[in-house]
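Those protein sequence lines, which keep their order, are chains A and B. Heads up: the first sequence begins at 6 in the working numbering, then just goes up one per residue. Heads up: the second sequence begins at 6 in the working numbering, then just goes up one per residue.
Some hints here could point you the wrong way.
[As the list claims (entries may be wrong)] Derived CB-CB ranges, DEER-like:
1) B:E98 - A:T128: 53 to 61 angstroms
2) B:D92 - A:G226: 44 to 52 angstroms
3) B:A181 - A:G226: 33 to 41 angstroms
4) B:G225 - A:P223: 31 to 39 angstroms
5) B:H48 - A:D188: 41 to 49 angstroms
6) B:T265 - A:P79: 38 to 46 angstroms
7) B:A118 - A:P129: 50 to 58 angstroms
8) B:H48 - A:P223: 19 to 27 angstroms
9) A:S44 - B:T265: 23 to 31 angstroms
10) B:P140 - A:T128: 49 to 57 angstroms
11) B:G226 - A:P223: 32 to 40 angstroms
12) A:S44 - B:A118: 51 to 59 angstroms
[As the list claims (entries may be wrong)] Some chain A residues judged to face chain B by a derived CB distance under 7 angstroms, without partners named:
13) L220
14) D266
15) A287
16) Y289
17) L291
By construction, these hints were calculated from the structure, which means they are not laboratory data. A virtual CB, placed ideally from N, CA and C, is assigned to each residue, including glycine.
Protein chains: 2
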Amino acid sequence: MLSRPDVAVVGAGPVGLAIAWRCAARGLRVVVHDPAPGSGASHVAAGMLAPVAEAYFGEHELTGLLTASAARWPAFAAELTAATGVDVGYRTEGTLMVGLTADDLAEARRLWAYQQGIGLPVTPLRPSALRDREPALAPRVRGGAFAATDHQVDPRRLVPALRTAAERAGATLVPAAVRRLSDVAAGVTVVAAGCGAAALTGLPVRPVKGQVARLRAPGGGAPGFRHVIRGYADGEHVYLVPRSDGEVVVGATVEERADTDVSAGAVLRLLRAAVDLLPELAEYDLVETLAGLRPGTPDNAPILGPLPGRPGVLAATGHHRHGIVLTPVTADLIADLISTGTVDPLLAPFTPARFTPAVAAEPATSAGSGVNVGPVVPAADARSGSGTSVPEEEHTWN
Amino acid sequence: MLSRPDVAVVGAGPVGLAIAWRCAARGLRVVVHDPAPGSGASHVAAGMLAPVAEAYFGEHELTGLLTASAARWPAFAAELTAATGVDVGYRTEGTLMVGLTADDLAEARRLWAYQQGIGLPVTPLRPSALRDREPALAPRVRGGAFAATDHQVDPRRLVPALRTAAERAGATLVPAAVRRLSDVAAGVTVVAAGCGAAALTGLPVRPVKGQVARLRAPGGGAPGFRHVIRGYADGEHVYLVPRSDGEVVVGATVEERADTDVSAGAVLRLLRAAVDLLPELAEYDLVETLAGLRPGTPDNAPILGPLPGRPGVLAATGHHRHGIVLTPVTADLIADLISTGTVDPLLAPFTPARFTPAVAAEPATSAGSGVNVGPVVPAADARSGSGTSVPEEEHTWN
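Work out the full structure: start from the sequences and follow the hints.
Structure, rendered in structure tokens:
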């Protein structure tokens, strides 16, 4: 292992690996700890980049962060492909949002009206226009809308690409679990451990189980539809994500449970809704059913920034349903914070302090109580010094 | 390998292995050829022993054979357990046949009336009696009947037990495929190759695809129901087979296809019917979905006996949906035929000659044209002779 690194990242999911990549690219010496990279929520995730379709009532600040991150995705994907040669399956056909029954459509329209009301690009479609866009939709589907800017990426391509990019930029992967943050010796420790962040930090991150089914178009061809389809079908909310290799991800349940068992009832509900919306899916192969655990938070928003009372520790967790879309902005802003010591205004609503007001209000345990900190000196600038480039005491986020 | 054996069995599914066991136990030298024992239809089969519930209009002779074989099952299972120490999951709680809707019940009642009319033990149950027997049934289930003598066994325990029994009795397993019967050197060759029999013999055996789902009761306990349940649910026919280890087999589609892909539509239909009949199954884990190929025949009955025009070759295939229940009678009667040279009257309606009348009507290609043949001399009686205990010419089934 390296001598004491500038940055230790706990968790090699997309968020952790992207942070490692961005930090390493800035010259920081980075170590990433994870016994099983990419085996968490990202292995199950569909990879929708959906700030519009995922803009819900009462989550205005989160919508802003989702939108900012989605806007970074084209360049992020291009840069990642340039760095690694890996096609991460970034696709820009956009998302169709549909309602199967009149009741489903009424529910969907309330949400679309909200999304339009806050200025998001939602285009209602006549049924004929909907079918022109996606002829495979069931004749029963009553109506829909188009979110042209809601794209997709393939998380199972993304994670290996990010790992390659991080390692090529100089980061080191340590394939072992971190049980306590005190076991990690680094200038800054970033907790990007998904649900595992709760035990490491005490932050209110809880598992939110999601079950998905993966289908495959018969005969080895591409699926018979191009858009991401998000639908309400007899009250069931389902999404269908087509990949160019023939895969279709059908998801997802949202359950307050911590197991990863696949239940017959969940698969039944997903397949029923999927086939109701797109009948040809009945003929697709069912190749995988699985469950993952999203890192949920009390306000459904991620937890990004300095951990109160824990100098030198940053959180980058709690991404819940949004880990893939939020990967670029999380990585950029956490790397900025580490290298400049400044919390970007975009991050401000999402800092851990919102869940630890008592701690945050107390006097700091070391110099300074603000979130601004002096920048971490990149290893490149510190090579003439000792192996320990940044004393922990310089990090006083609390 | 042995010098030329008395009996070569092609196919190590339950039928082939049971024939090998029975022949070896009579002192015959037996070799079984199969590159992957137990990997065919039996790996997918639910293991219902259901001569009553499977008694369909127009299949009277088949019903007789199913009934005769089911009657042999208690002793067969006991003997197998005594020989191997393996519990093959033989259970005698019986089968409930139910209808979900009024239409389903009407359809089911026509069949029950037929079954009662030919003297089979079908007992109609009042809804209250049905629920007394199986409280987990959905309140919507309109009615049912009880087939006390329709039992079950676990095919995934049965096959290893039969293999052990056959090997302990002296049979040898050769883990290689047989491409042509002429490659097999034995006194008698028994083709028990399931769907593979078509290519080896020209018999009209075709693959009939069946898809099943395997669930497991949550928490490691036994399923919340005891009987095999066979139901009509909104026109879908489904069965639910509970095992004491917590497994529930939900089956099965009947498709004129030769692939073993699992389709989303089939799993959807199976799970919907299962959950409609027994709502608690929604909470069960979905642990496996798979497809197998039953060896179907033009009249849905097996093909058992001498192959016309092919001296020394017997067929034991075409068991379609009935391979497990028919294993004991097939093994006993084929072993009898080999050792005595006499076709049991029970077998007579099922000989291959019914599909090859032109060949069967021609003069025999060697001495004799009847199905009666001289008995095979057990190896024990022939050890003083050459390694070839039975000249092929003695076998003149055609």
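The hints, checked one at a time:
{"no.": "1", "hint": "B:E98 - A:T128: 53 to 61 angstroms", "result": "holds (59 angstroms)"}
{"no.": "2", "hint": "B:D92 - A:G226: 44 to 52 angstroms", "result": "holds (47 angstroms)"}
{"no.": "3", "hint": "B:A181 - A:G226: 33 to 41 angstroms", "result": "holds (36 angstroms)"}
{"no.": "4", "hint": "B:G225 - A:P223: 31 to 39 angstroms", "result": "holds (36 angstroms)"}
{"no.": "5", "hint": "B:H48 - A:D188: 41 to 49 angstroms", "result": "holds (47 angstroms)"}
{"no.": "6", "hint": "B:T265 - A:P79: 38 to 46 angstroms", "result": "holds (41 angstroms)"}
{"no.": "7", "hint": "B:A118 - A:P129: 50 to 58 angstroms", "result": "holds (56 angstroms)"}
{"no.": "8", "hint": "B:H48 - A:P223: 19 to 27 angstroms", "result": "holds (23 angstroms)"}
{"no.": "9", "hint": "A:S44 - B:T265: 23 to 31 angstroms", "result": "holds (29 angstroms)"}
{"no.": "10", "hint": "B:P140 - A:T128: 49 to 57 angstroms", "result": "holds (52 angstroms)"}
{"no.": "11", "hint": "B:G226 - A:P223: 32 to 40 angstroms", "result": "holds (38 angstroms)"}
{"no.": "12", "hint": "A:S44 - B:A118: 51 to 59 angstroms", "result": "holds (57 angstroms)"}
{"no.": "13", "hint": "L220", "result": "holds (5 angstroms)"}
{"no.": "14", "hint": "D266", "result": "holds (5 angstroms)"}
{"no.": "15", "hint": "A287", "result": "holds (3 angstroms)"}
{"no.": "16", "hint": "Y289", "result": "holds (5 angstroms)"}
{"no.": "17", "hint": "L291", "result": "holds (5 angstroms)"}
Every hint, counting from the list given before, is met by this structure.
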